[in-house]
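Knowing the structure of chain A, use the given hints to seat chain B on it.
Quick mapping for you: the protein sequence lines, in order, are chains A and B.
Start counting the first sequence at 38; every next residue gets the next number (my numbering).
Start counting the second sequence at 512; every next residue gets the next number (my numbering).
No lab work stands behind these hints: they were computed from the structure.
All values reported here derive from a predicted model rather than from experimental measurement.
Where is the CB? At the ideal position from N, CA and C, for every residue including glycine.
A hint or two may mislead.
[As the list claims (entries may be wrong)] Label-pair ranges, simulated between beta-carbon atoms:
id	chain 1	residue 1	chain 2	residue 2	range
1	A	Pro693	B	Thr707	50 to 58 Å
2	A	Val287	B	Pro743	52 to 60 Å
3	B	Ala686	A	Gly696	33 to 41 Å
[Claimed, not checked] Derived coverage of chain A by chain B (criterion: at least 3 residues anywhere in the stretch with Cβ under 8 Å from a Cβ of chain B; other residues may be distant):
id	region
4	698–707
5	763–771
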Amino acid sequence: MYRLRPAVGLTLALALGAPALALAQPAPPSAPSPPSSPTTTVLGVVHDAAGRPVAGATVRSDPGGVTATTDAAGQFAIAATPGELLIVDAPGFDTALTAVAGDGTVDIELVALAAVGEVIELTDQKPTAVAGAVSLSREELATLPGSGGDLLATLDALPGVTEASGFGGGQGVIIRGSSPEDSRILLDGFDIPQLYHFLNRSIIPTRAVAGLEYLPGGFDVRYGRASSGIVNVTSRGGGEEVEGASEVSVIDASVLGAGPLGDDGNILVSFRRSYIDAYLPSLLPEEVGLITAPRYYDGLIRADWDVTPRLRGALTVVGSSDVTELVAEDDESAEENRFRADTKFIRAIAAGYWRGERGLTVDAAASVLAQGVSFSFNDRYLDVGQLSLAARTEVSQRYPTLGGLRDVVLRGGAELDPRRVSLDLQLPRGRDEGEPDTGMMGDDEPLTIFNDTIWLTDVAAWTAIEAGLGSKFRLAAGLRVDGFARSGSVPVQPRGELTYSPDDETKLRLSAGRFTRPAEFQDELLVPSLEPESATQLTLGGERKLGRNASVQVTLYDTERTDLITRDEMGVYRNQGRGRSYGVDLLATYRTEQWFGWLSYSASRSTRRDTATGAERLFDYDQTHDLVAAATYKTKNRRWQFGGRFTYTSGQPTTPVMGAIYDSDLDSYLPINGAVNSERLPGHHQIDLRVDHFWRFEDWTLSAFLDVSNVYLNAKVEQYQYSYDYAQREEITGLPIVPSIGVRGEL
Amino acid sequence: MIARVLVAVAALALVACNDFSEPWQLDRARVLAVRSDAPGLAAEARGAIDVLVADASGAPSVVAPAQVAAVQGATTAVTVARDGAGWIVTAGDAEALAAARTEAGLEPDDPLTVTIGVAVIVDGVELAAIKQLRLGESLANPVTPTIAVDGVVPTGAATVGPGRDIALTVDVAAAEELEFDWLTSTGELRRNETPTATLSLAADDPTAGHVVAIIRSDLGGVSWASVELTGP
Chain A
38 MYRLRPAVGL TLALALGAPA LALAQPAPPS APSPPSSPTT TVLGVVHDAA
88 GRPVAGATVR SDPGGVTATT DAAGQFAIAA TPGELLIVDA PGFDTALTAV
138 AGDGTVDIEL VALAAVGEVI ELTDQKPTAV AGAVSLSREE LATLPGSGGD
188 LLATLDALPG VTEASGFGGG QGVIIRGSSP EDSRILLDGF DIPQLYHFLN
238 RSIIPTRAVA GLEYLPGGFD VRYGRASSGI VNVTSRGGGE EVEGASEVSV
288 IDASVLGAGP LGDDGNILVS FRRSYIDAYL PSLLPEEVGL ITAPRYYDGL
338 IRADWDVTPR LRGALTVVGS SDVTELVAED DESAEENRFR ADTKFIRAIA
388 AGYWRGERGL TVDAAASVLA QGVSFSFNDR YLDVGQLSLA ARTEVSQRYP
438 TLGGLRDVVL RGGAELDPRR VSLDLQLPRG RDEGEPDTGM MGDDEPLTIF
488 NDTIWLTDVA AWTAIEAGLG SKFRLAAGLR VDGFARSGSV PVQPRGELTY
538 SPDDETKLRL SAGRFTRPAE FQDELLVPSL EPESATQLTL GGERKLGRNA
588 SVQVTLYDTE RTDLITRDEM GVYRNQGRGR SYGVDLLATY RTEQWFGWLS
638 YSASRSTRRD TATGAERLFD YDQTHDLVAA ATYKTKNRRW QFGGRFTYTS
688 GQPTTPVMGA IYDSDLDSYL PINGAVNSER LPGHHQIDLR VDHFWRFEDW
738 TLSAFLDVSN VYLNAKVEQY QYSYDYAQRE EITGLPIVPS IGVRGEL
Chain B
512 MIARVLVAVA ALALVACNDF SEPWQLDRAR VLAVRSDAPG LAAEARGAID
562 VLVADASGAP SVVAPAQVAA VQGATTAVTV ARDGAGWIVT AGDAEALAAA
612 RTEAGLEPDD PLTVTIGVAV IVDGVELAAI KQLRLGESLA NPVTPTIAVD
662 GVVPTGAATV GPGRDIALTV DVAAAEELEF DWLTSTGELR RNETPTATLS
712 LAADDPTAGH VVAIIRSDLG GVSWASVELT GP
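Same shape as in the complex, but just chain A (with noise of 0.2 Å):
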């Protein structure tokens, strides 16, 4: 039978706004039955996630009409024809729908509206959202072998993401040959302002979100300021019983309590601090010294309520800080290089939702934000201060046949996202994509200096509509329309989705749309002229489920970017660049109650015009190829899981050193490139490896856990750095080891 997917869809649609709702329908059921199909007498029973029974729930067919309510025991008895739809309503759960049967029996599930944005679990029933997405669970997210349980550094194992990481926060997700700017990584449906804590630990731990979804591209109209991907992370509360759990890791700490709140209501509150800085000043060289060790912390609380069986409300409250501040001595000049970095935000979430009868649907939430990041290095710095007050709502009422069409979704919504920006610089303009990178620190570059306040008010607003076409087509069009107040621009963009469905094993998905993303850097902000970019997406999926435990999907995509921000020869920004990105993705999986595997591959071309007539180059972050092949094994009695990852990428472009001239006033060389990204880093390959241990006890569990990347020691050339006359060169690596090790406690 065909059911709302309860816990997947109903998650997203309360973290990001109903429309999820919608796109988390099932397909229509199997062709309607025509007008002479005999009318029978279906049976059915309707109950919760327990299993129990659900006694006067209201099931209603369509187009019928006729209706019947469900006895003590879930049971009901209704005239029906097969094909039809069965509409079923209960107080305290979500609207249910169900397609009767040929053999003239249903069995459906209800799921409670307290159940809500709980837990996501990937199933091999679950269709994806948009062609290419991917959800993982908690479970998944915090065992896949290579990423240290950690939440974001699992994004990398994604088809489409080319790197996810980044030192010292603020950076985001490659995907698709797109810059990480063009991507957005949200939290509850807002986004997160810094992602990762030092050595690329993220800021949201694992154990406190229900689960994440990664929408490469062609994602909904809800969806806005990204050009390229968006990956959901869903906070969670508590359950019905009271959890705990702490762990203690090489790195950091956390605490995590969780629980009901009340008769109606559950919460979670976590908390993390790292204690690198207890050894790392014994690490590094003497005249290296520290004045602030690195030490960062973060806390999530997420609280939820029933206020009535149909409104829910929840608040989400996340933070974190991080510091860190060292000197060293120059052997050359006897002065002192200082380096401090302390970057901190905090983000509150207000959110209600309203399930009403009928398929009818109300989304709100609010939100605070305060940023603070601050760097220096000698007498360069940074300073930004930041704080939004962010609002979105989004309305959607469903239809189970409207005009001739079939299980039909209206929705509207809108956002409003006003900043206030601080920002205090004094900078060398930096290196922009496509530029050589030697690895020099370019001392004698002039300074950008910068005292001001901006104001970024960004409003929103868009519609869409999704309807069955038969019974094995679905469509989905929308329009979204910006306002970025900075540039005065209106981007209008349009987006839709055909989808095909053969049988119930397999769907293709068409979609195409128009994605735009304003400028976002410090120093873009400067030039107020500057207007989005803005990216044409085609993408054509199919997927297909092998059996009841494997599945695979494949992904086709082309896409083109205008108008992307570029320096003209003045070095002035404008948008006067164009760029492609095409490729294909493909993941499969396989899944046992003891077997997790994963297979992903990518293969993909990414290339630049800074002009619009200008000689087309390699994108920076072009990859052609991307394979990650992890499995994960669990013993039958549940004390051994054991995990492994394989991972090959090909190397990232790079600019060659041809030769160089010596600068006699300046005492320096400058560098003669080569043609701009024609030449690679080597690829990359690495194994991880991953082991768990759990003791069970009466009341509580116990586990370790030993997870290390790159057990071969084949260290990741990253970059290339030249000697002061570009005479020699050699390769910058990353870490050739990273081990993880750690114990957890859990109530």
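Then chain B, alone, in the frame of chain A:
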């Protein structure tokens, strides 16, 4: 708003290490400085061009360029010509300088500059360098420095022993307005961008070698001195 965290990389640079030669090591053929006498040329003034180079052994020498050309800036306001074995740059007359200033959109008080490209042959290898000259104003190079080794100005080669630190000093006026650059073909230099550097000779370092001091002013002036080192 996304903060571009370029300065974060600076933290890594503080502790990063590599196997490259240090800029103060005289371990390959290279150009150390290009000099124009003088670095600022009034109208119709002439500047002789010579180059301080080091060969693969680290021995410094002053050579005449194999080629000189005006490559950037007010290239039409100067003439570059051979003068015997050397090269001479001659500033144009006042009218030519004024025309160049107008062409470049400069105010009468703005500096007018021209960049010359220089090619030299060292150990059979052609090396390239550039230098900027100021036109329309008379400037001089810094006074040629004198190097003191452990406080003593050597009359010939300086005798040094292994396994010790050696103080290298140049005594110049207005040192705070100048930039210093020490180089050596043996041992290890510290504080090599200050008037007083320290040369550390390890027990296994050769005591024979060369030390070079180069002094630069912020208006393109340059001068240099060198001392030959020898063992006891």
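Now for the hints, and whether the structure bears them out:
no.	hint	verdict
1	A:Pro693 with B:Thr707: 50 to 58 Å	40 Å, violated
2	A:Val287 with B:Pro743: 52 to 60 Å	53 Å, holds
3	B:Ala686 with A:Gly696: 33 to 41 Å	35 Å, holds
4	698–707	holds (count 7)
5	763–771	holds (count 4)
Violated hints amount to a single one, hint 1; each of the other numbered hints is respected by the structure.
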